[in-house]
Amino acid sequence: MPPRLLVAVHPRTPSPSPLPRRGRGFFGRTLRTLIGGWLALAVGIAGPQRVSGQVVVYCSVDENVGRQVLDAYKARTGVEVSAIYDSEAGKTTGLVQRIIRESQAGRPRADVFWSGELFNTILLARMGLLEAYESPQAADIPARFRDREHRWTAPAVRARVIAFDPHQTPDAQLPKRWEELAAGEFAKRSAIANPLFGTTRGHVAAMFALWGPQRARSFLTRLRDGGAQVVDGNSATVRAVMAGRAAFAFTDTDDVFEAKRGGASVDLRYLDMGGGGTLLVPCSVAIIHGGPSVAASRSLVDFLVSPEVERMLAQSEARFIPVREALRRELNIAWPPETIVDYTAVADAMDEADTAVREILIR
Amino acid sequence: MIRRALTSALLLTGSAVFVLAFVWPTIALIAGCLAQGQTPEGGFAISARQWGLLWRSGWLSAVATVVCVMVSLPGAYLIGQARRIAHQPVIAACQFAVLLCPPMVYAFGWDRILPKGFDPDLRCIGVWALWAWPIPVMVIGAAWSGSGRRAYEAASLVASRGSAFIHAALPTLFPHVALSALILFVIFFGDYGVPSSCGLTVYATELLGWASSSARTIDVVWPATAPTAVTLLVLLTIVHFWRRCAADEPGDGAAFTKSPLLRLTVLTFLMVSGPLPMGMLVARFASFKTIIEAFRTYAFDLGCSLGVAMVSGVAALAMGFGVVMGTNRWHGPPACGTGILPVVPQAWAMVFGALPGALIGEALVTAYNRPSLGWLYDHWPIVALAYVARFGWIGLLVALLVLRHRVGDLSAQARTDGATESGIFSHLLIPMNWALPAAGVAVVAALSLADLSASALVRVPTYNPIAYTVMDKFHRFEDGMMVALSLWLVGAAILPALFLAWALRRRA
Numbered sequence: 001m002p003p004r005l006l007v008a009v010h011p012r013t014p015s016p017s018p019l020p021r022r023g024r025g026f027f028g029r030t031l032r033t034l035i036g037g038w039l040a041l042a043v044g045i046a047g048p049q050r051v052s053g054q055v056v057v058y059c060s061v062d063e064n065v066g067r068q069v070l071d072a073y074k075a076r077t078g079v080e081v082s083a084i085y086d087s088e089a090g091k092t093t094g095l096v097q098r099i100i101r102e103s104q105a106g107r108p109r110a111d112v113f114w115s116g117e118l119f120n121t122i123l124l125a126r127m128g129l130l131e132a133y134e135s136p137q138a139a140d141i142p143a144r145f146r147d148r149e150h151r152w153t154a155p156a157v158r159a160r161v162i163a164f165d166p167h168q169t170p171d172a173q174l175p176k177r178w179e180e181l182a183a184g185e186f187a188k189r190s191a192i193a194n195p196l197f198g199t200t201r202g203h204v205a206a207m208f209a210l211w212g213p214q215r216a217r218s219f220l221t222r223l224r225d226g227g228a229q230v231v232d233g234n235s236a237t238v239r240a241v242m243a244g245r246a247a248f249a250f251t252d253t254d255d256v257f258e259a260k261r262g263g264a265s266v267d268l269r270y271l272d273m274g275g276g277g278t279l280l281v282p283c284s285v286a287i288i289h290g291g292p293s294v295a296a297s298r299s300l301v302d303f304l305v306s307p308e309v310e311r312m313l314a315q316s317e318a319r320f321i322p323v324r325e326a327l328r329r330e331l332n333i334a335w336p337p338e339t340i341v342d343y344t345a346v347a348d349a350m351d352e353a354d355t356a357v358r359e360i361l362i363r
Numbered sequence: 364m365i366r367r368a369l370t371s372a373l374l375l376t377g378s379a380v381f382v383l384a385f386v387w388p389t390i391a392l393i394a395g396c397l398a399q400g401q402t403p404e405g406g407f408a409i410s411a412r413q414w415g416l417l418w419r420s421g422w423l424s425a426v427a428t429v430v431c432v433m434v435s436l437p438g439a440y441l442i443g444q445a446r447r448i449a450h451q452p453v454i455a456a457c458q459f460a461v462l463l464c465p466p467m468v469y470a471f472g473w474d475r476i477l478p479k480g481f482d483p484d485l486r487c488i489g490v491w492a493l494w495a496w497p498i499p500v501m502v503i504g505a506a507w508s509g510s511g512r513r514a515y516e517a518a519s520l521v522a523s524r525g526s527a528f529i530h531a532a533l534p535t536l537f538p539h540v541a542l543s544a545l546i547l548f549v550i551f552f553g554d555y556g557v558p559s560s561c562g563l564t565v566y567a568t569e570l571l572g573w574a575s576s577s578a579r580t581i582d583v584v585w586p587a588t589a590p591t592a593v594t595l596l597v598l599l600t601i602v603h604f605w606r607r608c609a610a611d612e613p614g615d616g617a618a619f620t621k622s623p624l625l626r627l628t629v630l631t632f633l634m635v636s637g638p639l640p641m642g643m644l645v646a647r648f649a650s651f652k653t654i655i656e657a658f659r660t661y662a663f664d665l666g667c668s669l670g671v672a673m674v675s676g677v678a679a680l681a682m683g684f685g686v687v688m689g690t691n692r693w694h695g696p697p698a699c700g701t702g703i704l705p706v707v708p709q710a711w712a713m714v715f716g717a718l719p720g721a722l723i724g725e726a727l728v729t730a731y732n733r734p735s736l737g738w739l740y741d742h743w744p745i746v747a748l749a750y751v752a753r754f755g756w757i758g759l760l761v762a763l764l765v766l767r768h769r770v771g772d773l774s775a776q777a778r779t780d781g782a783t784e785s786g787i788f789s790h791l792l793i794p795m796n797w798a799l800p801a802a803g804v805a806v807v808a809a810l811s812l813a814d815l816s817a818s819a820l821v822r823v824p825t826y827n828p829i830a831y832t833v834m835d836k837f838h839r840f841e842d843g844m845m846v847a848l849s850l851w852l853v854g855a856a857i858l859p860a861l862f863l864a865w866a867l868r869r870r871a
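Heads up: the protein sequence lines correspond to chains A and B, in order. For the first sequence, the residue numbers in the numbering used here are 1 to 363. For the second sequence, the residue numbers in the numbering used here are 364 to 871.
No lab work stands behind these hints, which were simulated from the structure alone. Honestly, I wouldn't trust all of these hints.
[Said to hold, decoys possible] Calculated pairs, PhoX-like style, for lysine-lysine (alpha carbon to alpha carbon, straight line, at most 25 Å):
| # | chain 1 | residue 1 | chain 2 | residue 2 |
| --- | --- | --- | --- | --- |
| 1 | A | Lys-188 | B | Lys-652 |
| 2 | A | Lys-260 | A | Lys-176 |
| 3 | A | Lys-188 | A | Lys-176 |
| 4 | A | Lys-260 | B | Lys-479 |
[To be verified] Some residues of chain A that are not near chain B, with every Cβ distance over 10 Å (derived):
| # | residue |
| --- | --- |
| 5 | Glu-63 |
| 6 | Pro-170 |
| 7 | Gly-276 |
| 8 | Glu-317 |
| 9 | Arg-328 |
[Unchecked claim] Restraint-style ranges between C-beta atoms, simulated for each label pair:
| # | chain 1 | residue 1 | chain 2 | residue 2 | range |
| --- | --- | --- | --- | --- | --- |
| 10 | A | Lys-74 | B | Gly-415 | 45 to 51 Å |
| 11 | B | Leu-639 | A | Asp-272 | 31 to 37 Å |
| 12 | A | Gly-227 | B | Leu-639 | 30 to 36 Å |
| 13 | B | Ala-379 | A | Ile-340 | 40 to 46 Å |
| 14 | A | Lys-74 | B | Lys-479 | 41 to 47 Å |
Cβ atoms here follow ideal geometry from the backbone N, Cα and C, with glycine treated the same way.
All chains, full assembly: derive it from the sequences and hints.
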């Protein structure tokens with residue numbers, strides 16, 4: 001590059017003084033810095049490749065709770081744990097689809113799936129994507145919260161409830177059964193998360209399993225005709241109540257507890273889904289078939305289904321309910337009124353429920 | 364010699380990024396659809412709900428775009444009037460900081476300020492406009508600082524400077540105003556964070572849900588066609604008007620005039636857009652303990668998110684310059700103005716800009732979820748590629764804006780003196796238009812930092828993008844932590860921005 005070019009064309013160069021050289025130095029330094037920074041970042045982040053004893057978890061339990069538990073495991077064992085948490089848009093379903101796609105591609109990336117619900121885990125088990133493992137730590141978990149073929153274990157549950165503002169809606173005006181929410185005066189003041197995702201999906205599928213298709217479809221139809229709001233998540237339904245846009249929110253217990261902890265004026269009510277109780281949604285833990293670190297994943301599963309972690313979950317802000325009776329007694333936690341459902345039957349009903357939701361509510 | 368090597372490296376890097384972010388994912392996406400050969404799960408019909416959501420997304424985005432551009436004009440005037448962004452370092456740094464804070468945080472702040480029953484649509488529009496107005500400020504302001512002032516100076520003899528700017532200067536800046544509007548519309552149309560924070564469901568929300576809930580490519584591709592068509596329509600309209608516009612008149616080095624009133628106006632806008640909603644949250648929720656705890660817990664994610672966002676910004680610009688310079692017209696006789704736009708690679712990148720984030724994520728997963736590509740799929744580069752694929756078109760447009768100056772008198776003089784095209788690029792175009800690429804990097808980095816849709820499907824175990832953490836805190840009602848994380852982001856944004864402004868000022 002001829003030096004006179006710089007002198008001739010640089011508009012801010014008053015004379016052939018050091019200014020052009022300074023400008024060139026600045027340009028060069030900046031580019032070098034950027035390239036250097038890029039390389040440093042590449043080495044710093046991508047450099048540490050997967051080492052033995054590292055385990056990857058796909059986690060749809062709340063990030064703050066999940067991080068706390070996984071950090072405790074890491075501190076105890078020294079095993080590096082990397083986690084991908086669910087996003088608000090896709091929730092558990094997003095991680096499940098990721099597991100399916102990665103398995104179909106012939107290279108599962110995750111070792112362990114720690115889900116905030118059970119129904120999708122059952123579907124994964126049926127697809128042959130989960131590894132059987134009977135954890136000794138799960139021996140005292142009731143049989144209905146364990147897979148007969150040991151592909152999943154379900155410690156700790158949440159309950160499906162309605163959230164409401166006690167200052168706006170007195171007790172006397174609350175519905176007592178889930179079906180009442182589809183009545184005109186309740187429906188138009190209700191908010192429900194998109195039933196194609198998350199625990200709401202399982203809740204609607206449970207209605208199909210318990211009530212039968214006709215009654216469940218009628219519920220969805222009346223909900224739609226009554227003008228119920230469909231929002232994009234359980235917490236959004238609670239926020240709708242907090243903002244006064246809705247009086248009743250279809251949600252989970254943890255959302256209400258967390259909102260209350262944040263100072264919101266909300267409370268919860270267990271509604272009857274049949275048999276006097278509501279749907280309880282268990283978490284679930286499973287090993288991904290063909291995952292990269294079998295030994296490390298078993299060790300992590302032992303930890304996640306242990307009484308210690310169930311205690312941590314119960315004492316967390318989400319206030320999960322332990323499935324171990326001894327632990328409930330120790331922590332003085334009451335088992336909520338429950339509608340007994342066969343979780344595999346709920347998983348069976350999911351496709352039918354999805355179709356009905358698409359045809360009726362999300363159309 | 365070093366500059367020539369760097370220019371070649373830039374071109375090569377840009378071309379490689381283009382292939383990785385655009386070409387291969389497109390091929391994989393088409394191959395995926397063909398291989399499946401099935402109809403989408405919900406059928407080909409578009410439901411009434413989908414039309415409703417599309418309509419809501421469209422009008423909200425359009426109104427917010429208009430409001431945002433209007434709100435940005437005083438700031439653009441101020442930045443441009445200063446001739447160099449470095450002459451307004453504090454304002455430039457504050458704008459960058461406003462942009463770097465995830466917009467849903469402002470939405471939540473405004474929720475605290477506005478009355479309980481305030482219309483969520485208006486809140487959404489307001490939050491978008493008050494968050495994104497630094498983008499048109501940077502784009503229009505940078506263009507205004509580098510353009511000629513003869514018409515403006517002549518008009519200012521008979522009218523006020525503000526009026527002269529609007530009536531004489533703004534028409535000559537139309538390509539940049541249109542570029543800003545395009546950027547804003549695409550961002551708003553594809554965003555689901557702010558609507559979600561305002562209690563609204565838009566098309567992007569549901570599209571991301573569909574993308575997350577299906578393992579079949581066609582289930583994402585088909586619902587994405589409607590928003591893509593809308594965005595392409597906007598894109599083509601703006602490009603059509605753009606091509607009819609005259610090129611900028613060359614810079615004439617007009618003097619910098621200070622305007623305290625204007626500066627006050629812009630500072631007021633800045634106060635209303637950032638510190639006011641943030642202040643409400645800080646006053647109510649933030650504590651020193653939470654701020655420290657946020658850093659202890661999320662320092663790694665914060666650092667990685669900022670780093671990957673910056674890398675994406677640089678890569679998007681490199682891609683833009685690489686693609687524009689890599690086309691044969693660059694090496695031939697200078698093309699006229701924007702005449703090089705229809706070149707295939709550029710159109711390709713533009714079309715990707717019209718795609719919803721969820722579809723871009725789907726394309727990347729389809730392309731890189733393979734056993735042999737684990738080195739990419741498992742690590743941060745795939746997240747950076749998602750950002751580049753989504754916002755790379757901004758880099759391309761910035762490159763086009765910078766390189767159109769190569770037809771000016773100075774470039775011709777340089778060619779007469781024997782300069783090569785790469786020499787003109789590195790010695791003349793970049794030093795003269797430094798602010799525009801810098802603004803481009805900043806905009807792409809800021810948008811990447813706030814992105815929730817393109818990267819949702821390509822998250823990696825090595826770090827958790829901070830936008831998801833902030834969103835999660837919002838949904839988990841952890842307001843204190845959400846505010847603390849946002850403060851760290853703003854702090855992280857202000858310091859480098861101030862440093863950059865200081866460096867530029869020293870150079871000036």
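Hint check results:
As the CA atoms of A:Lys-188 and B:Lys-652 are separated by approximately 42 Å, the hinted pair breaks the 25 Å bound. Under the criterion of a C-alpha separation no larger than 25 Å, the hint pairing A:Lys-260 with A:Lys-176 is consistent with the structure, at around 22 Å. Between A:Lys-188 and A:Lys-176, the direct Cα distance comes to roughly 17 Å. Compliance with the 25 Å bound is thereby established for this hinted pair. Simply put, A:Lys-260 and B:Lys-479 have alpha-carbon atoms about 18 Å apart, close enough for the 25 Å limit, and the pair holds.
The claim that A:Glu-63 is not at the interface with chain B is violated, since a C-beta of that chain comes within 10 Å of its own (minimum 5 Å). For A:Pro-170, the condition that its CB be more than 10 Å from all CB atoms of chain B holds, with the nearest at approximately 19 Å. For A:Gly-276, the non-interface assignment is confirmed: its Cβ lies about 30 Å from the closest Cβ of chain B, beyond the 10 Å cut-off. Listed as outside the interface, A:Glu-317 is inconsistent with that label: its C-beta sits roughly 8 Å from the nearest C-beta of chain B, within the 10 Å cut-off.
No beta-carbon of chain B is positioned within 10 Å of the beta-carbon of A:Arg-328; the least distance is around 24 Å. For the pair A:Lys-74 and B:Gly-415, the supplied restraint of 45 to 51 Å holds, since their beta-carbon distance comes to about 47 Å. At about 47 Å, the beta-carbon gap between B:Leu-639 and A:Asp-272 misses the expected band of 31 to 37 Å. A hinted range of 30 to 36 Å holds for the C-beta pair A:Gly-227 and B:Leu-639, which are about 35 Å apart.
B:Ala-379 and A:Ile-340 have their C-beta atoms about 59 Å apart, which leaves the hinted 40 to 46 Å range violated. Taking 41 to 47 Å as the suggested C-beta distance range, the pair A:Lys-74 and B:Lys-479 conforms, at roughly 43 Å.
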